[in-house]
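Chemist: Sequence:
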Amino acid sequence: MHPFQRQRQHTPRGVKPTLQVVLKEGWRLLPKKRSFAAPEGKSQSFKGVLPPRARVVPMTPALADAEPDELSDEERYLARQVQVILPPGADVGQYADLLRQSQAVEEVRLPPQLELP
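Residue numbers (our numbering): 1 to 117.
Simulated from the structure, these hints should not be mistaken for laboratory data. Here the structure is a predicted model, which means the values were calculated and not measured. Incorrect hints may appear among the rest.
In the BS3-like style, the derived pairs of lysine-lysine whose C-alpha atoms are separated by at most 30 Å in a straight line are [to be verified]:
hint, residue 1, residue 2
1, Lys24, Lys42
2, Lys47, Lys16
3, Lys32, Lys42
Restraint-style ranges between C-beta atoms, simulated for each label pair [to be verified]:
hint, residue 1, residue 2, range
4, Glu67, Gly93, 30 to 40 Å
5, Arg34, Glu107, 14 to 24 Å
6, Gly41, Gly89, 35 to 45 Å
7, Pro61, Arg109, 18 to 28 Å
8, Gln94, Asp73, 25 to 35 Å
9, Glu70, Gln94, 35 to 45 Å
10, Leu30, Gln101, 14 to 24 Å
11, Gly26, Pro88, 27 to 37 Å
12, Tyr77, Gln103, 11 to 21 Å
13, Val15, Glu70, 27 to 37 Å
14, Ser43, Arg100, 16 to 26 Å
15, Glu107, Ala66, 34 to 44 Å
16, Ser43, Gln113, 30 to 40 Å
Positions of the beta carbon are idealized from the N, C-alpha and C atoms, including for glycine.
Turn these sequences into a full structure, and let the hints guide you.
Modeler: Here it is, written out as structure tokens:
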């Protein structure tokens, strides 16, 4: 394999593959609408980006539901973090690359590689 090619990440059997995503400042998750919302009110759907049965959930639900102007800087940062739960067998690298292209996304973190001896 060429050193710059992305290797397919494998998730252990019985574990759904996940990604941790940090939204850009001002963006929020609208889980019921399956989209991200910008501060000026526009939204970006992740329906066409993620596979069917994928879920996007806030990492800190209590902060994600709060009004941004009521939160400290640190709390706003935590409220921008979401977890993408992909269906079994999904290629996390492929969906990480697609999410990185989104105008709403600041950072995508891949899960650690887990292997048993």
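Chemist: Each of the hints needs a verdict: does it hold here or not?
Modeler: Going down the list of hints, with the structure as the test:
Under the criterion of a C-alpha separation no larger than 30 Å, the hint pairing Lys24 with Lys42 is consistent with the structure, at around 14 Å. Taken as a hint, the Lys47 and Lys16 pair is honoured in the structure, with Cα atoms around 19 Å apart against an allowance of 30 Å. At most 30 Å may separate the alpha-carbon atoms for a hinted pair to count; Lys32 and Lys42 meet this at roughly 15 Å. Remark: the range hint 30 to 40 Å for Glu67 to Gly93 is upheld by a beta-carbon distance near 36 Å.
At about 21 Å, the beta-carbon gap between Arg34 and Glu107 stays in the expected band of 14 to 24 Å. For Gly41 paired with Gly89, a C-beta distance near 36 Å keeps the hint of 35 to 45 Å intact. For Pro61 and Arg109, the hinted distance range of 18 to 28 Å is satisfied, since their beta carbons lie about 19 Å from each other. Distance hint check: the CB atoms of Gln94 and Asp73 are about 33 Å apart, consistent with the given range 25 to 35 Å.
Range check, Glu70 to Gln94: Cβ separation about 37 Å, and the 35 to 45 Å hint holds. Checked against the given bound of 14 to 24 Å, the beta carbons of Leu30 and Gln101, roughly 19 Å apart, stay inside it. In this structure, Gly26 and Pro88 meet the distance hint of 27 to 37 Å, their C-beta atoms being roughly 34 Å apart. In this structure the hint that Tyr77 and Gln103 lie 11 to 21 Å apart at CB holds, the actual value being about 19 Å.
Restraint check, Val15 to Glu70: a C-beta distance of roughly 36 Å satisfies the suggested window 27 to 37 Å. At about 19 Å, the CB distance of Ser43 to Arg100 agrees with the hint of 16 to 26 Å. In this structure, Glu107 and Ala66 break the distance hint of 34 to 44 Å, their C-beta atoms being roughly 22 Å apart. Hint check: Ser43 to Gln113, Cβ distance near 34 Å, so the stated range 30 to 40 Å holds.
In summary, the one numbered hint that this structure violates is 15.
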